[in-house]
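From first to last, the protein sequence lines are chains R and A.
Here the first sequence is numbered in this note's numbering, starting from 33 and rising by one per residue.
Here the second sequence is numbered in this note's numbering, starting from 540 and rising by one per residue.
Going by beta-carbon spacing under 7 Å, a handful of chain A positions derived as facing chain R: (1) G740; (2) N764; (3) E1419.
With a cut-off of at most 20 Å between alpha-carbon atoms, the simulated DMTMM-like pairs for lysine to aspartate or glutamate come out as follows: (4) A:K1380 to R:E228; (5) A:K1388 to R:E233; (6) A:K752 to R:E496; (7) A:K1388 to R:E205; (8) A:K1495 to A:E1569; (9) R:K195 to R:E74; (10) R:K331 to R:D356; (11) A:K774 to R:E466; (12) A:K1142 to A:D1109; (13) A:K1013 to R:E496; (14) A:K752 to R:D493; (15) A:K1388 to R:E202.
If you're looking for bench data, these hints aren't it; they were derived computationally from the structure.
Fair warning: this is a prediction, and the values are worked out from it, not measured in the lab.
All C-beta atoms, glycine included, are put in the ideal place defined by N, C-alpha and C.
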Amino acid sequence: MVQTIVRAEPDLRDRAVALVDGCPPLWKIVAANEAALREGIELGMGGSQARQFFKVEVRHRSPEQEKAAHAALLDVGWSISPRIENTAPGTIVLDLAGLTSLFKSLENIAALLAERSATVGLRPNIAVASNIEAAIHAARGFAGITLIPAGEEPERLSSLPVKVLLPSTEILETLQRWGIRACGALAALPVLQLSERLGPEGVFLHQRAGGKYCRSLILAEPETCFTEELALEYAVTELEPLSFLLHRLLDQVCARLEARSLAASAFCLRFGLKDSVEEESNVKNKSSVSMMESRTYEKMLRLPVPMRDSKTLLKLLRLQLQSDPPNGSIVKIILTAEPARPRAGQKGLFVPDSPDREKLEVTIARIAGLVGNSNVGSPQLVDTHRPGEFRMFPFSPASEESAGSERREPRSCRTAIAFRMFRPELLAHVESREGCPFRVGFRGARGNVIAASGPWRTSGDWWETHGWREDEWDVEIHFDSSGNKKISRGAQNGLYRIYYDWMRRGWFVRGRYD
Amino acid sequence: MYTELHARSAFSFLEGSSLPEELAAVCAEHGMPGMALLDRDGVYGAPRFYLAAKKIPIRAHIGAEVTSTEGWRYPLLVASRPGYQSLCRLITRMKLRAPKGKGNISIQEVAERTGGLICLTGGAEGPLAHALTQGGIENGIACVRQLCDLFGRKNVYIELQRHLSREEEARNQAAVHIARKLDLPLLATNGVCYALPRRRGTLDVFTCIRNHKTLASAGRLLSLNSERYLKSPAKMERLFADLPEAIANTQELSSRLEFSLDDLGYKFPIYPVPDGESQMHFLRERSREGMIHRYGSSNERARLQIERELTIIEKLDLAGYFLIVWDIVRFCREQNILVQGRGSAANSAVCYALGITAVDPVGMDLLFERFLSEERGEWPDIDLDLPSGDQRERAIQYVYERYGKLGAAMTANVITYRGRSAAREIGKALSFDIETINRLTKLVGAWEYKDANDTLVNQFRDAGFDLTHPQIRKFFDLCLEVQDLPRHLGQHSGGLVVCQGQLDSIVPLEPATMPGRVVVQWDKDDCSAMGIVKVDLLGLGMMAVLEDSLQIIKEKYGEEIDLGRLPANDPVIYETLQKADTVGMFQIESRAQMSCLPRLLPKCFYDIVVQVAIIRPGPIVGQMVNPYLKRRQGREPVDYLHPSLEPVLARTLGVPLFQEQLLRMAMIAADFTGGEAEELRRAFGFKRSEVRMKAVEDKLRIGMDRNGIKSEIQDKIVRSITSFALYGFPESHAASFALIAYASAYLKCHYLPAFTAAILNNQPMGFYQPVTLLKDAQRHGLKVRPVDVTRSDWLCTLEKNGRDFALRLGMRSVHGLRAEIAQAIVNERAMRPLLSIDDLKLRVPAIQKSELTTLAKIGALNFIQGKSNFHRRDALWQVERVARLAGPLLETLEQRGECATEPAQECDAEKSNPPPTSTLSPLQIMTADERLVADFNGTGMTVGPHPMGYHRQRLKKQGVRSASELRGLPNGIRVLICGAVIARQRPGTAKGFVFLSLEDETGIANAIITPPIYEKYHLLIVHQPFLLIEGELQNQENVISVKAEIVGPLSISQAETSSHDFH
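Sequences and hints are given; from them, build the entire structure.
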């Protein structure tokens, strides 16, 4: 884990580094290099505590960087051998059979692996052995490059701790009780008696501890993803020519999906952006790749149901781009589709026709383009005393069952008086007498309070930094010039709900009773 | 004027967040004439509220919110004594038929007991709100009519609460309408849940705890706002300006509530005496018989003292009380249960004659007034020490049987939020993860002494938390807020109250968690304050040790020892005490006691009495220890504060050490009566009041002036009295404890195997961990044998070892081994020997793999195969096979105990003679350190060499001295010591000094850590199990310690040793 961070920050290579995970202030150390451990860092230690070790660099764990580092490791592996096993995060196995004719010797291959790893910022332990498990264990247990000649596996592995075999916690505890700490000691146990005690896992461990376990390589295959890429000779800045290109790519992706009887559940659209003209002259010596890496634009389009209709998809992408256009001219387009099984379903005979899902999604996307993504969806009340508090959930048409249950809701539950809430609330000017509002002004109009009821006080979230405290009043306002046409439409005589916000120290109008 | 008539305190357990005292104080601040406390389903906080109100003074009205079967609560106010009795009985009835903490009452049951009670219609949880929600105004009217039928029209008030909520106001409108329609009075209340608005946060946290939620997820379960605080009359009048009669009616209702808690009507039960006799006559007869038994028939001094005491007892009408305690003691004696009175009761010659106490107050010239006086008009307090465990339970059950379920009950123990419990609950409410909560809770507690650097900020920083972070800060503030607030009701360890007639009419009774136990809703202090007599039947671990020791000695040595007739002044005992070789001895085993013993050099029983009393905060704070010891050693002349005080202080060389001396000093110097002197002690005692102390001091000085005592001498006398009253120890109590200390020393010196077995069998108790007790016994020559399933019982036993006995460790010490499994092993073994581990598993099939593994790991299975070379790893190898579950094919057969292919007889034959299996394992024998680690992990101790013993040669080369070597070294030299830390202490009286006890294979060495050294090495000192300490040897009057200058960790063993910390 530490290596993944060092890879991103090469200055840390020879320093004590510890990684924390979790959310502050409750984060703790999850990994540390040798130098950090020597300084006194312990795994599980609190982040603030670790920061008291001034010689230790504390960084946050980054799953993205770990993933990237592992991908880089795979890249290195694939650059040597086409036959690779993606064993575990941070561990890969290469089939070197036949490669000596190309690279002369196994030593050379190991050295080349180390060298190429260094170019991507990694310093892996490398072990070469005649069987897969022996190589994995040797790489886990020995630092640097290890070559184990065929037949010497038992002797070479014998000194390694049994932990490199990654036994289950229960078996590891049993082995500790037995005083079995090294692979050699485990391999020396009689296998039949061991099987009586530890079962199949014991036998498996025994074989691996002795370096005798042989298995086939589980070949890794590149993920089944559908990516289409287009490098542009000329940068594109307008939406129309971009749509033309996108349509072409979408057609290709959808055709491939169709050939495999799949649809797309999501699309990832990435643009390589060219820097501005001024910057372009400064970086003209750089390769286009590095330029693209320096600035990218990415848009993820998640679909409510798997689709492969390129026209609909293009509309959705266009709407997304309209609401959030890329900040620069486009030099490269990468479109990746996440495959999924296409939707298969039949509506009930008596279910009323509802909007087509694809069309509905386009409509919602259009609305989102107008009002913003966070303002689209279904409102849901939050369990709190805070007045008017709600949150938005992605809109999803009610299923048949829930629609039915809604219909069954008794009419008596509906409120008799409607309350029209102003969002956002209106700033108000309120004059009070003996704690009771008697004049209210908002939207450029002022009026007298004919009747008032309140205050209705709520407060909460006191344990958070964003607590609230409000005094609400229900007031009947008679505006000074109610007949004046100049008065704003919102300021009509009537019953309003106003409130004093103790945190913001101001009056607001929450809404009006209809 | 407004009077608050509906308030909850924190005694509503998680539904209120202020103590009754705080409510009373705020009530007084507001100038309110009175207040009513209505806690949920109880009168838990009533005594504290009543006492606090009495001091201020305001009127303390009592009541309760009683839960109905429908879920709402009747807010009931007590108007008269019958009303109070009805309320107590209602609550008792609902509580006793339900599980602890639950219960409700039906309308029929309420109807039976409404006399003297006034019912309010309540707030959101009241009957009216419930009715309105269920069926609107018509239902509300029906509900109020029903209440009128139950309680009478004059005793129902329509309650209005205004917490600035729309829903509540709508309910209020309905309530006003109903009141007008039915012509019932309105009553304004605030449904108070806390005294001050800022306590709302605590209430919200309590709501989360109650509902198993976090603050983030509790939503509308939390308070709407902070309006449920105790509002001033002016605020309430403003709030109800539109309904002035609702305010005025509070005053009217308050005047109707005549009942006060000083009108409880409690009576102590009458002891049943033979026909024609009075209780007093019966007591006189028993006292006379006892006097002859204790003193003989011709001890005139004793006779006069007993007569004097009996006169006072008769005057105070306490004969019944003495007879009841005597009866309990008599029952214990008949049942061979060791019993001994402690505390001030030991000042009474009547108690001595009746066999309640074991100390002769006449011979020791103890002051009776410390126990009982005419002036005080209080019930005496007799505490009985019994062996903890079953024996004490038998005595308690005897009292229940004798006085009936509603005539006797245990006093409650109000469990309050303390450091760790508070931290844990608040951490959960704030959604902290378990690991963080564990780390935070570990921060809290720690040392008794806090210095300036022990700020919580520093403690939090050390544990890796940033107190400037708002969430952590909030956690910290809340932890402070909930300190001492009640959490739930527990049961006091031994306080029993008994009552003439029905105890449930005095205080509500509840079931305890322990089956067959009933507790009252008040703790012992509240009972005492309310004038309810209690008898404390306290469990004392050492009493159980003494009892068990006597039993073992009787069985193994064939000797019967009478603790009342132990040889006095046994030289072996005093020699041992003088060497401070007192590990395991009652009250004189602590590090502080050990450092005093070589200076005090006890030579007679009274020296032990002094020894028990001298290491107490009183003498230490009053700076009496050094003067006394110097005078004893002849290094300081003996003088007296005043010549007239010589008779009082002569025994303690002019230095006051006991509370009785304080009383006598006041009696002699200022002509106080015994009762006045005791009043003086109380004035300066724990519940100090400036006014009261000043008044008593003035009286004392006037008396001393009258007797011509100079002002500087007066100052000294006053100073010694004030420091002692708070922390001093009664001489009688010290003498009672000294008797037990002497008995424990006698048994340890003369019957070490039996004493060690008994003390190990009664763990946990005392100052040291079992391993320290064991190692100490081994150093004294006791042969200890390890746990062995072929020989060990559940408890430690004695085995013949030549002419003496060896101790066989019992299976009780094996961590995780269930008692029933150990008993099954013993039973099987009694039928025929266990032949192998397979045999053990076959015959005790319930044994779990973890239990077998632990037994194997600690060597308890080494002898089961009957082979001398069978070692722990061989056993572990076997266990792994034996304990392995059968595969799916044979699983059902194994569960049924069947063999699939063999006839039943053959199967049985195999069971009795399992086929020989290969017992040898390919595993290496455990190393010495591995055995040590296994022993400590499995039993917390080892019978093998001390961990330090393995490293002595190496340590010697480094110049490390063993504990035993230190004795022969001169004062002032630099030494290096090391050992397992067995005790860490930072007493409140020691100004930040830390005392460590390091144990090695030769004994215990003490180290003193100064505050700067502690500051420098505190992480090591607190966390390291083994320490290396360099410093100056201090050998003063045979008290040896090392003043640490450098502290370092020591890598000795992975063994998880344990220590006695921070007490």
